[in-house]
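Work out the full structure, taking the sequences as your base and the hints as a guide.
Each protein sequence line maps, in turn, to chains A and B. Note that numbering that gives the first Met the number 0 numbers the first sequence so that position 137 is 136, with each residue one more than the last. Note that numbering that gives the first Met the number 0 numbers the second sequence so that position 227 is 226, with each residue one more than the last.
Please keep in mind that the hints were generated in silico from the structure rather than gathered at the bench. Small disclaimer: the values here were computed from a predicted structure and weren't measured.
A pair counts as met if it fits within one copy or between any two copies, since identical chains are not told apart.
With a straight-line cut-off of 20 Å between C-alpha atoms, the simulated PhoX-like cross-links for lysine-lysine are: (1) K156 to K106; (2) K210 to K222; (3) K340 to K106; (4) K363 to K276; (5) K106 to K341; (6) K210 to K260; (7) K286 to K296; (8) K218 to K296; (9) K167 to K137; (10) K138 to K167; (11) K526 to K537; (12) K218 to K526.
Number of protein chains: 2
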Amino acid sequence: MRDEDGRTRVVIEGVRPEIDGGRFPAKRIAGEKVVVEADVLADGHEVLSCVLLYRKEGAPQWIEVPMELVVNDRWRGEFTVTELGAYRYTLQAWVDPFQSWRRDLQKRVDAGQDVSVELQVGAGLVREARGRASGDDKKRLQSTATALARKGISARKLRLALDEGLAKLVSRYSDRRFATTYERDLKVVVDRERARFSTWYEVFPRSCALKPGRHGTFKDCEKRLPYIAAMGFDVLYLPPIHPIGHTHRKGKNNTTVASPKDPGSPWAIGSEEGGHKAVHPLLGTLKDFRRLMDKAKELNIDVALDISFQCSPDHPYVKEHPTWFRWRPDGTLQYAENPPKKYEDIYPFDFETEDWRELWEELKSIFLFWIEQGVRIFRVDNPHTKPFAFWEWLIDEVKRDHPEVIFLSEAFTRPKIMYRLAKLGFSQSYTYFAWRNTQREFTQYFTELTQTDVREYFRPNLWPNTPDILTEYLQSGGRPAFMTRLVLAATLGASYGIYGPSFELCENRPRERGSEEYLNSEKYEIKQWELDRPDSLKDFIARVNRIRRENPAFQSDWSLSFHQVDNEQLICYSKGTEDLGNVIVVVVNLDPQYTQSGWVELDLDKLKVDPQRPYEVQDLLTDARYLWQGRRNYVELNPRVVPAHIFRLRRQVRRGKDLE
Amino acid sequence: MRDEDGRTRVVIEGVRPEIDGGRFPAKRIAGEKVVVEADVLADGHEVLSCVLLYRKEGAPQWIEVPMELVVNDRWRGEFTVTELGAYRYTLQAWVDPFQSWRRDLQKRVDAGQDVSVELQVGAGLVREARGRASGDDKKRLQSTATALARKGISARKLRLALDEGLAKLVSRYSDRRFATTYERDLKVVVDRERARFSTWYEVFPRSCALKPGRHGTFKDCEKRLPYIAAMGFDVLYLPPIHPIGHTHRKGKNNTTVASPKDPGSPWAIGSEEGGHKAVHPLLGTLKDFRRLMDKAKELNIDVALDISFQCSPDHPYVKEHPTWFRWRPDGTLQYAENPPKKYEDIYPFDFETEDWRELWEELKSIFLFWIEQGVRIFRVDNPHTKPFAFWEWLIDEVKRDHPEVIFLSEAFTRPKIMYRLAKLGFSQSYTYFAWRNTQREFTQYFTELTQTDVREYFRPNLWPNTPDILTEYLQSGGRPAFMTRLVLAATLGASYGIYGPSFELCENRPRERGSEEYLNSEKYEIKQWELDRPDSLKDFIARVNRIRRENPAFQSDWSLSFHQVDNEQLICYSKGTEDLGNVIVVVVNLDPQYTQSGWVELDLDKLKVDPQRPYEVQDLLTDARYLWQGRRNYVELNPRVVPAHIFRLRRQVRRGKDLE
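The following block contains the structure:
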C-alpha cells in the first residue's frame, strides 16, 4: 500500500507563479509583492485552511502567511521580498475540523435545531487544540472546552462556541498531522530596481573625442557624461573596451581588407595587448575606466559592459588554450561562420571541448574581474550561441555573491530560445520591438510580454536602434519616425535604450537598400558626432525620460493595457500604478508621414474613471490640457509636430480644479 | 561545479501531452495514436535530432520513433497504443554534427566555395560514426570515410558526401554521449473503446416487473433487454442492487417515515441480508445477476454497477467495523448531512479512521467481488466525498489486473474537483451538460472539454436526465425538449446516457416547483412504466443511436467544432473523422416552443469543402437531402416535428450523384 498517510486529503495544484513546474525561478524587485495563487481541493464539504510559507534562501525558518479563498477553489496569499537574492515559497493546506464545525453549527442554530450533541463535538475539538497549545492559550482552550462540555444550551454558550476569537485561537493550534505540503519549494529571484526600470544609452567610447580624427578615451567619455545625464539616461552601455585583433581585421563598412588606420570592430576581442580582462590602450587604463565609473555613479549612471565570448585570432587565449577552440583538419582554427558567410576575424569558443570545465571557470572569472572593477551591469552578446547550461550555472554563481548584478541578454533569435535564456537567469532581454510596426503587432506582442506568464521571468528591454539595427521604419520615416519610436520604446517598456548619438541625430542612411546596417557603420570606424545640431532630439528625449522618472506608472511593465482606436494608424494604451494614483494614457501616431486622427475608446472600468463625469487629460509632452468625457474621445496627431500624446489622467475635475 | 556534463546542450520543454508536469497520465483507447509534441532547443545554429521513446509499462526496451521539426522549435512524433494498460513515453534529443555539416556543405557548394577542408571534416564525422557501427554498416562507413578523405574534389565525391542514404546511415550511429533525455517518463493509460464511445441506459431493476405492484427481478430485466437493445444502448446501468436498510428508511417522495410497503432507496445500502457484496433478495440471486449479464453480453450490452460507498444503519459493516464510522459524543453514529439537512438513513465511512488501510482494502475487495461476477463497468456514486488519494490508489490497483474496467465518476461538484477525479483515473465523468442551455453556454463548455488539455484526461458522459436531475428545461419544454436534449447529448458527446423509461416517456413532473426531483421519484417507490405509449421516444432514440453507430464521426469527442448561426436559438456544430471521410453537421433548435430559422455559416476550410461547388447535406433523421453552396445556408426547425438536423455532408455533387 502507498507510503503516504491515506488521511492526507487536501491537494494543491495550479500554483502560480510557477515556471515550468518549478524548474525556473520567478523574478521580482526588492520591495515588490509575490502574489501566490493555487487551487486547493479536498474531498467532501469541509472547510480548508491554507498558508503560504516563505523564507529568504538559507534562512532556517519558514514564515507563514494565511491564504484566502478567492473563488472556485482558488486561494491567494502574498508576501513582500525585501532583500536581494533568492527567496523560497511553498504552500501548506489541511482540512480544518473546527472551522467546519463552526460553520455547520451556525447553520444548525439558524435552522433552530437542537445542537447539544454538536456542542459536545465542539468541546472535543477545543480540547484537542488545547493538547497542542501551551501557556495562556492552553488555559483558555481548557476553560472553553469545559464550558462547552457542560450540559444544557444557553445563548451565552452559543456565543462562546461561535466566537471569532475562539476560532482564531483554535486555528493557531490546528491539527496538521495530515496537512498537505506542496511538493515543490518554488524560487523567486530578487533584483534591484534598475533590473525593472532602466534607461539605456549605448555609445562607442572611441567616438567620444572632442577633436576630429582622434581616438576617443575614457576621459573623453567622462566629458560626455553630463550630456547623457541631461537626457535622463541611467545606464551607459559601452561596446567592448578590450584590445582589438589585427589579423583579418575588418575595414570600413565591414570590408575584408582593412587599411592600417582602420580601428577594427570592438567585438573582435583580444590582441597581444590582452584579452577580455584588458582595456584597449587607446581608450586609457583600467584606472581611467574606474574613474569613468565613479563619475558616472555621481550622476546616478551605471556603466554597463559588453561581454562577448569570442576571440580575435590574436587573443592570448588562442595560444594559451588551444583546446578551447575547434581545429580544422588542415590545422587552422575554425572561425565563426553562418555558411556561406564567413567571419574570419572572430573565433568562437568550442563549448564541446573536453576542457569545458576550465573554459567555464575562465569565462566566469571575466565577469568577476569586471565586478571587481565596479561593473554591476553586463550586456551579454549573443548568449544564444553559448550553451544554456553554461548561462544558468554562470549567472547563479555570480549572483550568489553579487545579487545586485544585472545581465541583459542580447539574443535576437527565435522566441522560445529568448524565453529560455530569460528563464535561466538573465535579468533583462532584448525584444522584437524594433520590428513591430502596426497597432496589431504591438498589441499582440506586448500583451504576450506583459499579461501572460512570460512576465514572471522575461523583462523586456526595448531598443529602437542598435549599431546592428537600423530598421526600415527609421530609414524611411526620418525625424518623426525617430520621435515615434522613442515614445513607443520609452512608454511601452519600463526599460529601453538607444544607440547614440546616432539616434538623437536621426542617423538613418543604410549601407545599401534593404540592409539594416548603417552606412559607414561606427562598428568599423571612429565617428565624429555633431551633438549640438539644431534638429537633435536630445531635448525631446530629455523630456520623455523626465516624464518616465516622474510617473511611476512607467516604471513597471505589468499594468500595460491597450485601448481601442478606430484608426489603425494610431495606437492607444495605458499604464498605471497599482493604486491607480498615477495613470497615463499614451496615444501614438504610427504613420511618420501624415497627420492621423481618430476616436480613442478608453476602458474606463479598468482605469476606474466615472463615465458620467468629465475628466482631465494633461499632455505631459506639451502641457496641453483637455477635458474628456465618457469612453470615446477624439485625437489628432501631426508627426511633423509631435507624433504622440502622453496623457496624465486626472480623474475628477470640478470648477477647473484637480481634486485627485 | 555541476554534475551533468556541460556539453549536454539540448533542452526539451513544453511536452504534450503532459498533465500537471507529468503527475497524471493521459488517456487513450487501444488503436489510437499518441501524438507527442515538444519544444526542442539548443544554443547555436546546428541541426538537432530528436526521437520519441515509448514502451508498454514493464517492457524492458524503449521503442524509438523519429520526431520531426514542425515550426518554431516545435517537434512532433507519434506512436500507436495497441494494448490495454499503461504505456510510458519520453524524448531524447541531441545536437547532430553530421546533419549540420551536411546542411552547411550544401550551402557552401551552392555558393561555389572551396570545400576541400570541409570534406575532410565530413570524413572525420563518418569515421566517428564507423566507430559506433558494426557489420556491413561499419564497412560502408569506413569506405565512405576513406573516399571522402582522399585529396581533391569531384562531382562524384560531392554526391557521395551529400547522399541521403549516407545521412540516414550516419544518423543511425549518432553520437549520443551528450544527448538530453527528457527528465520525465510520461504515462498514458489505454482503455477499451467503450471508454470513449458508449451509450448508457439507466433503469431500476425493481421497476421492470411486467405485472403491476410486483417487485421487479433480474429475470424481468432480462425480458427488458431486447427493448433496450432495440433503442441502441450498449451500457445498462443499474442503481445499487444490494439489500436496503430499514432503519430510518425513506418513504415516498423522500419522506422521513416509510410505510411497511415502501421499498426504500437503493442507495441506503445494507441490511441483515448483506451489504455491498450481496444482492437484494427480491431482485433474485447472484446467479440470476450473472445470467442477466450473460444475456446482455449477447446483445453487446455491458451491465454497469453502481458503487456507492455508504451504509444504511443496518449494514453489517456497522457492527463488524465500528471504527470505520464516526461516533458522536452521545454514542450514536454520525449520519450523512449537509447542515441543516440530515440524511439519517445513510452513514458515510470515516476515511480519517485510524483503520483507513483496512477500510481501503475492504472497499477494493467490493470492486474485485463484482469483477469476479463479470462486471466491467462501474458508475461510482459521489466520488468527490471520498479522498482523492483513495481513488488514485484504488483505480490503479484494480486496473493493474483488469485494464478493461471502466469507471464513471458521478461527481456533480465544482469544476476543479471534477477534473481532479478524472486525472486520478476515472475513465469517464458526468458533466454539467444537463444545466447548459444556450448556444453560448454549449459552445464555451464543450470547447473547454474537447479542444483544451482537459480532453487528455476527462472523458465527458452527457446525461439529459438522471433519477436526481429533472431539469427545468425538461419540466417546461415537454416532448420537444426531450428530443432536443437527446440529440444534443447524443451528438455533442461520444458517450451519453439517459435514465429510462422516464426519459423516453417524457416524464417531467417535478416534486414541487423549483425542484429538480421527480414527483413520486422512482428512488423511493416501484414504478410501472407504459413502454408502448404512442408518444414514446423509443423509435426516435433508436434512430439517433443508429446514426451514432453508423457514423464514426460521433464516436470520439476531439473533432467537435462550432459554427456560426445568426439566430441564437439555434446551435450548429460539426464532427468528423480524422481523414474527414465521415463529416456530420448538426443543427439544433434550442427553443422547444417555436419554429426557429436562420443562416448557418460553416467553416468550410475546416471541413475541407470547396466553397465554389455545391455540396449535398443529407439529414440522417429524416433522409431529406439538400443542395448547399458556400458558407451560408438557410435552416428552419419546428420543434413540434423534429427539433434538429443531423446532416451527413457529401463533399462533391455532380449531376445529382455522390462522387465521394
